[in-house]
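Protein chains: 2
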Amino acid sequence: MPELRKDPVVGRWVIISTERGRRPSDFPSQPVVAQGGSCVFCPHNEAKTPPELFAVRSSDSLPNTPGWSLRVVPNKFPALRIEGELEPSGEGLYDRMNGVGAHEVIIETPDHAATLATLPVEAVAEVLLAYRERVVDLKKDPRFEYILVFKNHGAAAGASLEHPHSQLIATPIIPIMVQEELKGAAEYYGMKERCVWCDVIRQERRDRRRIIMEADGFVALAPFAPRFPFETWILPSRHRSSFEETGVEELRGLAELLGRFLRRLDGVLQRPPFNFMLHTAPLRDGPLDHFHWHLEIIPKLTNVAGYEWGTGFFINPVPPEDAAAALRENGA
Amino acid sequence: MPELRKDPVVGRWVIISTERGRRPSDFPSQPVVAQGGSCVFCPHNEAKTPPELFAVRSSDSLPNTPGWSLRVVPNKFPALRIEGELEPSGEGLYDRMNGVGAHEVIIETPDHAATLATLPVEAVAEVLLAYRERVVDLKKDPRFEYILVFKNHGAAAGASLEHPHSQLIATPIIPIMVQEELKGAAEYYGMKERCVWCDVIRQERRDRRRIIMEADGFVALAPFAPRFPFETWILPSRHRSSFEETGVEELRGLAELLGRFLRRLDGVLQRPPFNFMLHTAPLRDGPLDHFHWHLEIIPKLTNVAGYEWGTGFFINPVPPEDAAAALRENGA
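Residue numbers (this note's numbering), protein chains in the order written: chain D, 13 to 344; chain Y, 13 to 344.
For reference, chain D alone in the conformation it holds in the complex (with noise of 0.2 Å):
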């Protein structure tokens, strides 16, 4: 059983994962990436996967086989377990509880060489679609307080399977970095009673320099304070702060958005490896002023080294300014 376990001075959690079938005589050779036929996840191959918890296919066709354009599945190696309780205990002056939660992988096409820059828009938007219906799903779940849905997309962002898939964890407690953008949007809002973020969208659309592109409802901008070279985030223009309460026809235009910036930055940078994480409000707040959901996207190009473990204070040798009209389409 995996274990949640926190540490006694910072009361950061961590995941003691040791289901995920690593032992110490497995370092430190890193997950093969499998390549074409003998892909898992792709089609024909439906058996090697946990069965689905959702897919979008042809109304012929039966669950767990091909005619699928999208499926969603438990994740074979999961993180943590989806069955039992917490029961958190003592251990001295440490504290664990058990490592419950859901692990989910959303594959996002059959064709195992595309891309989420190379799909067609309608493909996009069923994935966006895909996140929105397990998030949805799994709020039901009372054990749960948080879900992140997030993307690791090459080996040196952490993917250890090339088909294109994004992946979510839904966890019994709210993430520290979460905790730490609600406690200072909150502190933000108690000054100004302005979200911080529309502040930021507002101060951005008149500046211009760290716009990179805009259109229907979303905007995609470089952060004033970038911790990776050519970090981006994607929010929406409009206050709102659950992605799920996100309606079809918005996602289709953040899928539109979404597709344009990423065929940018495998122009820009030559199809870089890069994660992307989806921050939205904790599942039980409601409807929140002062938090305003949005996409971070981290192209994958420098080391983090020791300076940032050991300070949290990222050197980014890029400066935003810089990234951004790197990024804009009229290059200027």
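Rather than coming from a laboratory, the hints here were simulated on the basis of the structure. Take these hints with a grain of salt, some might be off.
[Stated by the list, open to error] From chain Y, some residues computed to sit far from chain D (all C-beta separations above 12 Å):
1) A59
2) T61
3) P62
4) A67
5) R69
6) L74
7) K88
8) G96
9) R108
10) A125
11) E226
12) V231
13) I246
14) E257
15) V330
[As the list claims (entries may be wrong)] Here are the computed distance ranges between Cβ atoms for each label pair:
16) D:S249 / Y:E145: 50 to 58 Å
17) Y:E341 / D:A59: 42 to 50 Å
18) D:G279 / Y:P132: 37 to 45 Å
19) D:D297 / Y:G202: 26 to 34 Å
20) D:R155 / Y:V68: 57 to 65 Å
21) Y:G104 / D:Q191: 23 to 31 Å
22) D:F66 / Y:G202: 46 to 54 Å
23) Y:G104 / D:A227: 21 to 29 Å
24) Y:R250 / D:G279: 34 to 42 Å
25) D:C51 / Y:Y201: 49 to 57 Å
26) Y:Y201 / D:R155: 32 to 40 Å
27) Y:S101 / D:D297: 32 to 40 Å
28) Y:Y201 / D:G279: 51 to 59 Å
29) Y:P154 / D:Y201: 52 to 60 Å
It should be emphasised that the depicted structure is a prediction, and the values quoted were computed from it without experimental measurement. Even glycine gets a Cβ: it sits at the ideal position worked out from N, Cα and C.
Knowing the structure of chain D, use the given hints to seat chain Y on it.
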């Protein structure tokens, strides 16, 4: 001039370090690791580094010539600049200041092929003494509030040069992770009137499962909630908040334990890339009852990916009890 910029939501500062010479067109190529004869840190290439700030060298040798066993030089591509004032200023809702700070390189040995695991204990002790020497000297500069000493070993851990070296960065602000450690430790002290790390050492010594090795006043242990596989902390057994207060004899004890630990790590994990970071109290704080300096060592075995970047919640596939058992010298 590099700039310090603050994220308006979470208050995290970043260093926008334009002088490191990276431009958008330089990505995604990684820095070249210099080999053998062309290495700027090797003897006879002293003129290729900025003039030395400190050295251990034979009494008949001149500064910036061969004859040294250790050199400290300013980083040729510093993340921060030593000249100037902070000049904090606003930009709408954002905060910035000039990127003032010191960034130095400790060239640990003339031997390009050595490591802290292969050097004799006297040479490792010399490296630790050089850390102390530079911290004591930089502490005199009233602009600085914190100094992090760290090491990136191996390209995957962020080293851009192969020649054995460590670095330090002095900053005008206390980094966010240090603030969080201080805050958590002060809260614990407020409740218990004991140092949390002293309590950790006591509990681990009784429990034994996470103790790796002990000697000469230092203990190496796998923390209860490690972020990374084989993460290890080395702490002085006796309470002390500032690294720079450590005496010569004690540093020799640390050199002995660190060398032994790194040889075990090399043996068990086949010479992995790693980072280490020296956590010590802020420069202006004086002796603190609630802070206990320590060295954190993190082998670079897995990729940090979207889930960690989105949540601050680390997934670690190796329980620290297993890691400690593998690293213990008797293998038990």
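Inset, instruction - If any of the earlier hints don't hold here, list their numbers in rising order. - result: 9, 15, 18, 24, 29
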